[in-house]
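Student: Quick mapping for you: the protein sequence lines, in order, are chains V, E, H and C. Numbering of the first sequence is given in the working numbering, commencing with residue 1 and proceeding in unit increments. Numbering of the second sequence is given in the working numbering, commencing with residue 1 and proceeding in unit increments. Numbering of the third sequence is given in the working numbering, commencing with residue 1 and proceeding in unit increments. Numbering of the fourth sequence is given in the working numbering, commencing with residue 1 and proceeding in unit increments.
Treat the hints with care, since some could be wrong.
Copies of the same chain are indistinguishable here, so a pair counts whether it falls within one copy or spans any two.
Straight-line distance between alpha carbons at most 27 Å, and here's what the computed DSSO-like set of lysine-lysine pairs gives [to be verified]:
| # | residue 1 | residue 2 |
| --- | --- | --- |
| 1 | 111 | 47 |
| 2 | 111 | 94 |
| 3 | 94 | 47 |
| 4 | 108 | 94 |
| 5 | 47 | 103 |
By construction, these hints were calculated from the structure, which means they are not laboratory data.
4 protein chains.
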Amino acid sequence: MAAMMDVAALTYFLQTEFPQVNADGPVFSVTDAGDGFASMRLDPSEKHLRPGGTVSGPSLFSLADVTAYMAILAQIGPVALAVTTNLNINFLRKPSPGPVDAKATILKLGKRLAVVEIAMTADGDLVAHATATYSIPPRQD
Amino acid sequence: MAAMMDVAALTYFLQTEFPQVNADGPVFSVTDAGDGFASMRLDPSEKHLRPGGTVSGPSLFSLADVTAYMAILAQIGPVALAVTTNLNINFLRKPSPGPVDAKATILKLGKRLAVVEIAMTADGDLVAHATATYSIPPRQD
Amino acid sequence: MAAMMDVAALTYFLQTEFPQVNADGPVFSVTDAGDGFASMRLDPSEKHLRPGGTVSGPSLFSLADVTAYMAILAQIGPVALAVTTNLNINFLRKPSPGPVDAKATILKLGKRLAVVEIAMTADGDLVAHATATYSIPPRQD
Amino acid sequence: MAAMMDVAALTYFLQTEFPQVNADGPVFSVTDAGDGFASMRLDPSEKHLRPGGTVSGPSLFSLADVTAYMAILAQIGPVALAVTTNLNINFLRKPSPGPVDAKATILKLGKRLAVVEIAMTADGDLVAHATATYSIPPRQD
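Okay, chain V solo, but in the shape it has when bound (with noise of 0.2 Å):
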């Protein structure tokens, strides 16, 4: 099955199905999308960072649930709404305060069930990974 929705696609339906992910500025923007796959990258605002500078829990929960969202509307196109069932997510090392770059890749996409992996980056390390669940609406396919 090829990608339905490239990144201009994902782009678009993001700024106009979810305004409020970026309501306070271009933070969170697609950088790529594929087969099976999207990548985003969060551009933290001081509201997305902690004592000490670092990246703020919340705003990796939030990058891994939206890059896993893309990957699926990459896959199944924009008819469908998802809805995260669970998520578990590991934080491995803190970020320093600059960009993070996420990749989302389908593990598996059933008819009921999307099962999504999430690996997070910044300069190169790996800062969080996340594995989540979305259950997916009744569809032709």
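Go by the hints and put chains E, H and C onto chain V.
Tutor: Using the frame of chain V, we list chains E, H and C on its own:
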């Protein structure tokens, strides 16, 4: 081991050490604390909501994380700086766009790791459930 | 919704449908069941132990999984075939090499997914804690 | 940091320190090991199967756990005794009743915690995916 910080002490700690948690107003508040547990309430503002009027996943993640952190501080006091290493969250039901209450219960408080369970309810229904692990620095006990 | 299978019915189901669970003797037994929960006991044999005399991780995983499954069957009856899709387990303390009791409580029983929490105790101490998700086939309810 | 134990050394360690893993025959075997990873194969016997002829969940859990453990030993050597503190596993597809291959990759190896990702395949398909955390005792490095 008795609780070392009460609601007032935890509230003060939250305000002084983590001001960004409530940077946009009094959204997260400590409602109860005692031996091995802490409770908090999320009063969502517009930015914590999603289309359709439900509380966002990242907001529930934040609520789970900060409530678990308060439960640990209540037990070991403000000297220690615990770091989240793992958080697993199940989203069970879409909460309506009102307050969400969380109760964090310590499952284990070891020398190096603490494991905490967090139940989140809205209108009396369980809307999310999480377990989280925190790495705690060496201490005298 | 009242419980649909009691201890005797669950025990019979376990023996007839999953004989391999107790292939080496009466190791796993249903001890209680009711509205939204089930309890089981693991009486470990030599093969469930590890050097140093503790109950092995895979044995605790099995106990968590089968107890959660019993809790779901207690609620929806033997017609449905639930499949484990995710299990997250925290190992809290090393149990001594005696019986381990598990109680599984249903957090959510939806049309497609069930989420169950499982607490495992030995000698009164919490030794492990798990949450698990099950995919349940379409049913009339 | 180069790998400290190869396939032969890991196999010997498994046989001498964890004889119960293969108490019923040569079921779990180390197939590869190197810098930051280890691979194992499960050749299921009758007791690892479930009705319908699929490999059981506990068998896949065991495979994930022991393969992750081998990856850590390969990196830090046989002196350390790592303990599983958390394991999160997603069951993606039912494997047919043949061999299952696992590859464990170290995501983080810190002073106190190691986090490992484990991918399990059968007949070329990803059948399960896990992440696990291990507590490692103090060491000189």
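Student: Each of the hints needs a verdict: does it hold here or not?
Tutor: Do the hints match the structure? See the list:
no. : hint     : verdict
1   : 111 x 47 : neither (38 Å within a copy, 30 Å between copies)
2   : 111 x 94 : between (37 Å within a copy, 15 Å between copies)
3   : 94 x 47  : both (16 Å within a copy, 26 Å between copies)
4   : 108 x 94 : between (29 Å within a copy, 12 Å between copies)
5   : 47 x 103 : both (23 Å within a copy, 25 Å between copies)
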